[in-house]
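Chains as they are written, first to last, in the numbering used here: chain S, 20 to 358; chain E, 860 to 1242.
Derived by calculation from the structure, the hints in this document are not laboratory data.
None of the values given here were measured: they were computed from a predicted structure.
The C-beta atom is built at its ideal place from N, Cα and C for all residues, glycine as well.
Warning: the hint list may mix true and false statements.
Unchecked claim - Residues from chain E that face chain S, not an exhaustive set, calculated with beta carbons under 8 Å:
no.	residue
1	Gly873
2	Gly906
3	Leu907
4	Pro1064
5	Glu1200
Each chain is listed here by its residues.
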Amino acid sequence: MRFDDAHIEMAHGAGGKASRRLVEGLIAPAFANPALAALSDAAVTSFAGTRLATTADGYVVHPLRFNGGSIGELAVNGTVNDLAVSGARAHVLMATFILEAGMASSIVRAEVDAMAAAAKRAGVSIVGGDTKVVEHGKCDGMFITTFGVGEVDARAQLDPRSVKPGDCVLLSGPIGDHGITILLARGELELESEVSSDTRSVWPFVEALLATCPQSLRWMRDPTRGGVATSLNELVRECGLAIALREEDVPVNPQVRGACELLGLDPLHIANEGQFLAIVAANDAERALAAVRAVPGGERAALIGEVREKPVRTVLGVMPYGGTRAIDMLVGDPLPRIC
Amino acid sequence: MKYVDEFRDPVLIGNVAREIRNTVDPARTYRIMEVCGGHTHSIYRHGLRDVLPANIELVHGPGCPVCVLPTGRVDDGLSIARHPGTILTCFGDMMRVPGTQGTPLELKAQGADIRMVYSPLDALRLAQENPDKNVCFFAIGFETTAPSTALTILRAQALGLRNFTIFSNHVTIVPAMRAILDSPDMRLDGFVGPGHVATITGCRPYEFIAAEYRKPVVVSGFEPLDILEGILMIVRQLHAGETKVENQYRRIVPFEGNPAALRALAQVFVLRPFFEWRGLGFISQSALAIRPELAAFDAEVQFELPGVRVTDPKAAQCGEVLKGVLKPAQCKLFGKECNPERPVGALMVSSEGACAAHYRYAARAQEQEHEQELEVSRGASGA
């Protein structure tokens, strides 16, 4: 893949096609190595006989606080989740704060407290990091970067190439809550709704799947920027198969659906911060679903589709009356700076 | 969701689709143009092609405002953003439309103050909040959006604003439909008429199509059931040998239109003698300019615009696709040089454009794209 865009645009950070071009065309080639080549949520490397998952994520969400969460909470949960969908329980995190001169200390304190609470809920320690201060107006209040490390669970054998036709797509709960919450929190649209961010650690669900049917668990991903559509498109490109999604089975809260209808957005492209997708073998799909539903907060998990051979490298939406459509990755940037 | 779910009911959709299949004459073909980009989008989004018989051919019409905007007008609009102290506002659809020097998004990335708004009133509010800046709204759209632009100008006048202008690119649908009907390669049998435009204009403006050109018109809504019912009504008219204007979208469209909106349009706009449509060329009496007495709010008067006509790249066949002579995938650039991320032609830009809809939602187009990607990466690794 080549990157020949003359300038960086917001779309390069939106998690869709442009982001993919930036990473695969400009950044990854310079660092090329086997662990990086997978380009998954966390890099898995062998270290002293253990499989180690490492990941880093930057948080630049605007506004800093929103219904159901804040930048600090995202910074912990997002990194914990990148490890979780790689089959690893977060062991420790590091956090770097870039703060803007002139910002009220109370805001920083609130975010540090939010991080501490989220870390406690997720059962992870924040063991170090860095702080920097930049001039007023240079970073929109605060940016946070977190780095996380965890040991990959011995039962986890995740590989997109192990995905087979007939496998089922499991989704942990309703989609789009986070992206729509941020969009409305900006107050630029005269729309109000009760919707709140879904930010949370997804490790308890992953742990339940690993305990129930590890041999049937083939692939996981947390559908953040770019949404479910982008994550599944990444999978079909990696495994060379197709996914048929039963659109009526995808859980979407009515507020999110309403906002998407009004604004011409597709919930499948909207970001999530507390959901995950899993591919499970068909014979264990119902057991896997029951295991996720048994964890508090997993009640609305659903099986939303299946893996097929054709049309290759395509995510297909299938309507109950027989209509079909291709579901593409996110193009452009409907909602800048959502995490 | 009320007013949405009822019109996406799988059982009802199945019933109407079956009725269409049972009604059509297998010995003939039906070439039906859906006029609006909104129809095109919905047909692809809901996979309606799959439930229609093969001898009904849907031709995507000109009713996508972004798609018919010529590149020269995009350049004119973007030149406004280059004036110091100016905020240019536009609908999200416009943000990826390429001018000769790049898209609004690219210009914004280079530092121009270009903002996306959902309504011209949002632009007006920006002007009130930024009295030291000139705020311009890049207005596009058919009769559907033109009344809100008109009311915004009247509001700006009432407020006595001195830092607010509109760059009007409003167009009217009827002359474009007539141009298509007059085109020598036209082979259409009927029209799914423009539902939202008709909420303003009513159904009468389409009567000439039935009377002069002997083609059925069914003004239709945008949900799957609306479109299928509209197609069924057209097929029935054709079988009965009738040609008339029918209103499928009665829940929204009054046959006589919206007189208050039409009054606002007449108060603010005059018809331009002619206007260029991308792909269709110059069409007389087809676009709206701001009246001279409201020149204080007219960006074309207040700013010096280049006004240079830019011809489309020769290889792009937007015009043929717009007239329904070619299908999107038959264009030489489709999916290659021209794709939603890097559109060459405007039909690839807006989600309502025939090419973008085909690209996004047609599985075959997706497969082709992936094959090309693989070829590129194979080429790169082989080198």
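- [ ] Classify the hint on E:Gly873 as holds or violated, based on whether any CB of chain S lies nearer than 8 Å to its CB.
- [x] holds (5 Å)
Open item on the list: Does the closest beta carbon of chain S sit nearer than 8 Å to the beta carbon of E:Leu907?
Closed with: Status holds, d = 6 Å.
Open item on the list: Quick check on E:Pro1064 please, does its C-beta sit within 8 Å of some C-beta on chain S?
Closed with: Violated, because the Cβ-Cβ distance from E:Pro1064 to chain S comes to roughly 26 Å (cut-off 8 Å).
Task: chain S contact restraint for E:Glu1200 - C-beta distance below 8 Å - done: holds (6 Å)
TODO: Using Cβ atoms only, decide whether E:Gly906 comes closer than 8 Å to chain S, and label the hint accordingly.
DONE: holds (3 Å)
Violation of the numbered hints given earlier is confined to hint 4; every other hint is satisfied by the structure.
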